[in-house]
Amino acid sequence: MVKKVIAREKLPELWAHLSAEGLLILPIQDGPVVLFQPWYAGADVRLDAVNSAVSPKDIFLPREETYLHYRCSGQQLELSAVKSEEPVTAFGLHPCDMKALEMLDRVFMDQDPPDSLYQKRRERTTLVALSCDKPDPFCFCNDFAVDPTDAPGADVMACLSGNSLRLEARTDQGKAMLERAGGLLGDDSGESVELKEVVTADFGLKLEGLPEDLKNRFDDPAWDELYKSCLGCGVCTYVCPTCYCFDVEDYGHAAEGERFRCWDSCMYGHFTKMAGGHNPRPERKERVRQRFMHKLQYYPETYGEIACVGCGRCLRSCPVNLDIVRVIKALGGEKVEQR
Amino acid sequence: MTGDNPYIPYTATVEETWFETGGERSIKTFKVVLDDETVRENWSHRPGQCAMIGVLGVGESMISISCSPTEGRFLRFSVMRMGKVTQALHQLEPGDKMMVRGPYGSSFPVDDWHGKQILTIGGGVGQAPLRPIVEYVRANRDQYAGLTMIYGARTSGDLCFKGEFEEMSKCDDLACHLTIDVEEDDWSHNVGFVPQMLLDLNPSPENTIVITCGPPIMIRFVLENLKKLGFADEQIYTTLENRMKCGIGKCGRCNVGGMYVCKDGPVFSYAVLKDIPEAFA
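Heads up: the sequence lines are chains G and Y, in that order. The working numbering puts the last residue of the first sequence at 339; the count rises by one with no breaks. The working numbering puts the last residue of the second sequence at 620; the count rises by one with no breaks.
Since the hints were made in silico from the structure, they are not lab data. On a predicted model such as this, the values are computed, not experimentally measured, just so you know. Note that CB positions come from ideal geometry on N, CA and C, so glycine has one too. It cannot be assumed that every hint is accurate.
[What the hints assert, rightly or not] List time: in silico PhoX-like cross-link candidates among lysine-lysine, alpha-carbon distance up to 25 angstroms: (1) Y:K367 <-> G:K273; (2) Y:K423 <-> G:K273; (3) Y:K602 <-> G:K273; (4) Y:K613 <-> G:K215; (5) G:K134 <-> G:K206; (6) G:K175 <-> G:K120; (7) G:K196 <-> G:K3; (8) Y:K602 <-> Y:K613.
[As the list claims (entries may be wrong)] Covered stretches of chain G (chain Y as the covering partner; in silico rule of three or more C-beta atoms under 8 angstroms from a C-beta of chain Y): (9) 64-70; (10) 75-81; (11) 100-112; (12) 237-249; (13) 264-276; (14) 281-290.
Please take these sequences and the hints and turn them into a complete structure.
Put into structure tokens, the structure is as follows:
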């Protein structure tokens, strides 16, 4: 197993090296928030930060991406698929976001046909996961069997240790990446770091049996109350690492233009509104229910686990605190104290 | 087709067009042929499946393929002029290009229905997904015990595929029952709503499969009446119609319960559909 180490003050050299190899995306301070962004010289890289404001899902499912250009003159029609071959290094994804990626993979890669736009990005990306030892009060990944210190699926597992960053290759792709950065990295001959168990917030959730239970709670009176505070802003869906709804639109005119897809949200009224005016989810109640039923019942029914990783982003972002913890509790997913 | 990207459409050429109905929400039928020979040869759809069709610069809509594969190496779409994309589609004339990708979704299990009586109950443009069944059964007549069609619309001018029914009514083993909502001069068929006509005809559930497509209100009463007539859930099939963008179960738009209408539908047995929340929302 290849293990390397680098002093934290030398990290900018590693960033420069990796970004010369392709696109390097990592958590960067951007005004008041930390976001996963392409690295630039002088960027304030925040490996020490808790979760980025928005999940790093956009590395694989960009907020918008053009996938088709067309040009038409007379009877001549030219279609060209947009292709990108640039290798990507995604650096610093926490285990919760890595787990969410596994959930997106099932939808975008395991289901036939695979989404080739997503799949190709995944294939050309080297994933460097970063263990997380300072969860904030909103983090509750322990509830979803996520180990904050370890991420299955990573090409390289990294952890901050004192004044250095330790890197351990987990796949051939990760090993090759570390080898190419050879001159910048020292051999890590030290003991494996015994990471202390990281305990995240205990909101008293009881998740066992919840998906099964919710099957019969589509018309639960709880929905009649829950949705009332929702503003329909959709921020939950944008920051969430397991939300993936998108829209497809054309931009251009008859002679020339492009087709692109962009993030969309089931919290918006137009999402399901049909041309004739009919809308199967006409009110916020139906939309709120859809979002949470998808996470807590529909997704688990298909894939066997709840589509939440406890990253806490909806708790930090929702302006009316209509986060998943509140919803789970309202639907009976709360531990009852035994006295 | 460019590479393996499932979102890149095929180009097709419109060969023929005609109007099925008039008015503001007119229905226009397009007979189109895929341009690339290999694509054309490899294309295989089953009755009930859909395709994403569109116009570059405007967008795509999921439209049911209204012809049976038994009819030839072309596709037919009957499109109601409704929103942005369907209005652009209506501008297309013979020789114009249409973008097509698919086929998508589940199909009517027509080959599992061998030996059975087939009853289709359609309303308005809902006859479009039923037409491939009718054509498929006609092309394989000896495989089915019989075919009965009930089809209605508001007025005679709102009935699709009218010319074809004249021809069909000449067939001995094919019963074609047409109905319109209100009396018209020179109308020799039934007057009344489709669900009532179903009750009046009183078909036996014995060895019968019934498929119904049409406006939600019609479906609701047809289902009620089928139950009255003693049809079991497993004998009833219908299709759902939701807004769609990707067509391959990713974009989330047509999610009903744990299913996606584009991928797991549009064809559903009522035995499955009755337990899906929001299926009839």
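Against which earlier hints does the structure fall short, listed by number upward? none
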